[in-house]
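Visitor: With chain A fixed as given, assemble chain B onto it according to the hints.
In case you want the letters, here they are:
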Amino acid sequence: MTFLREVALVAGKDLRIERRSRVAMQQILPFGAIVVVMFAFALDADRTTLPIAAPGLFWAAVLLAALLAIGRSFSVEEVNGARDGLRLTGLDGGSLFVGKAAAIAVELFVLEIVLGVAVVVLYDVTVRGLLALVCAALAATVGLAATGTVYGVLATGSRARDTLIPLLVLPAVTPVMLGGTQAFAEALDGSMSEAWQWVQLLVAFAVLAVAAGTVAFAPLLEEG
Amino acid sequence: MLGRFPALAGADLDVEPGEIVLLAGANGAGKTTLLRLCAGLLPLRSGHAEVLGVDLAVDRRAIRRSLALVGHETFCYDDLTVRENVRFATRAVARSTADADAALERVGLERSARVTHGRLSQGQRRRVALAIALARDPRLLLLDEPHAGLDEQGRTILDGVVRAAPAEGRTVLLASHELHRARPLATREVQISAGQVHDPAATLRAVPSRRAEASA
Chain A
7 MTFLREVALV AGKDLRIERR SRVAMQQILP FGAIVVVMFA FALDADRTTL
57 PIAAPGLFWA AVLLAALLAI GRSFSVEEVN GARDGLRLTG LDGGSLFVGK
107 AAAIAVELFV LEIVLGVAVV VLYDVTVRGL LALVCAALAA TVGLAATGTV
157 YGVLATGSRA RDTLIPLLVL PAVTPVMLGG TQAFAEALDG SMSEAWQWVQ
207 LLVAFAVLAV AAGTVAFAPL LEEG
Chain B
21 MLGRFPALAG ADLDVEPGEI VLLAGANGAG KTTLLRLCAG LLPLRSGHAE
71 VLGVDLAVDR RAIRRSLALV GHETFCYDDL TVRENVRFAT RAVARSTADA
121 DAALERVGLE RSARVTHGRL SQGQRRRVAL AIALARDPRL LLLDEPHAGL
171 DEQGRTILDG VVRAAPAEGR TVLLASHELH RARPLATREV QISAGQVHDP
221 AATLRAVPSR RAEASA
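Protein chains in written order, with my numbering: chain A, 7 to 230; chain B, 21 to 236.
Calculated from the structure, these hints are not laboratory results.
On a predicted model such as this, the values are computed, not experimentally measured, just so you know.
Be a bit skeptical, because a hint or two may be false.
Stretch-level coverage of chain B by chain A, calculated; a stretch enters the list once three of its residues show a Cβ under 8 Å from a Cβ in chain A [what the hints assert, rightly or not]:
| # | segment |
| --- | --- |
| 1 | 99–106 |
| 2 | 110–118 |
Distance windows between CB atoms, simulated [said to hold, decoys possible]:
| # | chain 1 | residue 1 | chain 2 | residue 2 | range |
| --- | --- | --- | --- | --- | --- |
| 3 | A | M31 | B | Q173 | 35 to 41 Å |
| 4 | A | V123 | B | E125 | 43 to 49 Å |
| 5 | A | V123 | B | G73 | 56 to 62 Å |
| 6 | B | R131 | A | V120 | 37 to 43 Å |
| 7 | B | A77 | A | A217 | 25 to 31 Å |
| 8 | B | S141 | A | T8 | 33 to 39 Å |
| 9 | B | A118 | A | S199 | 54 to 60 Å |
| 10 | B | Q142 | A | I58 | 57 to 63 Å |
Just so you know, even glycine gets a beta-carbon here, dropped at the ideal spot from N, CA and C.
Isolated chain A, as found in the complex (with noise of 0.2 Å):
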């Protein structure tokens, strides 16, 4: 089996959950809408405020409902010993982080299209640069997803595993956090050499995050 298609199984799988228990579309997606809906009505006597602190909002709604996405997936690798049959499926260790990875970043590419739709409407924001935008949001997710599967996958049979999850994830992220606001901020400002420097900046993140999960994810299933 192709390490392509082992990828596709495990996302596949943890999409397929998901769908069927509508714990994102029911919890994690309007959690995030309702952020972006609060600081609109917060900071609505400035009008002038909202489009600025844009992309900062943005991304702290992205990153409390990724927090809550992460923990989302490794909670049902928890009942009925799923994670025993996790590890006895004998997939590799790199195919199934991709995977869960993989599934995690979809849920959140999703959720910023809505969230994004969101801020742009309520927001009063002019886009520019959606191709720097784009970029961004892909790199910002996939170094977002792959960092949480890491710290999910090591938090995963602790009864603190919810308290664990923010701790280990926030400080890890706070790289994609700046890089992604930033992003956001030069591109809506029409800078977009800056911008696409900081894409770079997300982009290398991705990669590293990518490569450390894919080495450090079957021993940390293994001893959890």
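Guide: Just chain B now, with coordinates in the frame of chain A:
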């Protein structure tokens, strides 16, 4: 190890290809630990164990595609249907969805294939676990209290699977409390108590080249 204490100590067991070995012993004797060790789910802290020709101390992940464990848990996802759970485990070892469907039919779950695992009864869940094991066509079948929770029909199906194992090229390690049910199935019985296996042997080894040896 369970805490500071060894879960298995001085365990010495040699299993020949095609054997059906019954592991008998009291609660906490070490039966489940031995099966999980054989499945590569537990690390080997000391000693030597070889399963399917693979040294567990070197690479305990390498054997997992060649074995199946039916344990206390079903290893299934509640939000996936019976068919989806079986197909996931089956496709992981590059076997076809037809193999998964055939295994479901063999355990009598074809009518429940579209029901989510979370809505099944305990006995039906045990059958799903057995279907997953069969669909993967393992060389080594590890059964931990497999009769528990099964109705009479399920037990009959399970007994048939175990009896057919040697002809299908499988070796079986069966841990059970229900000795009256398990003994007639086994070709050999070993006792485990206080983490020790009472059987003269050295290395745990099973089915290097399957069907040829089974038919020999």
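Visitor: Please list, smallest to largest, the hint numbers that this structure does not respect.
Guide: Every hint satisfied by this model.
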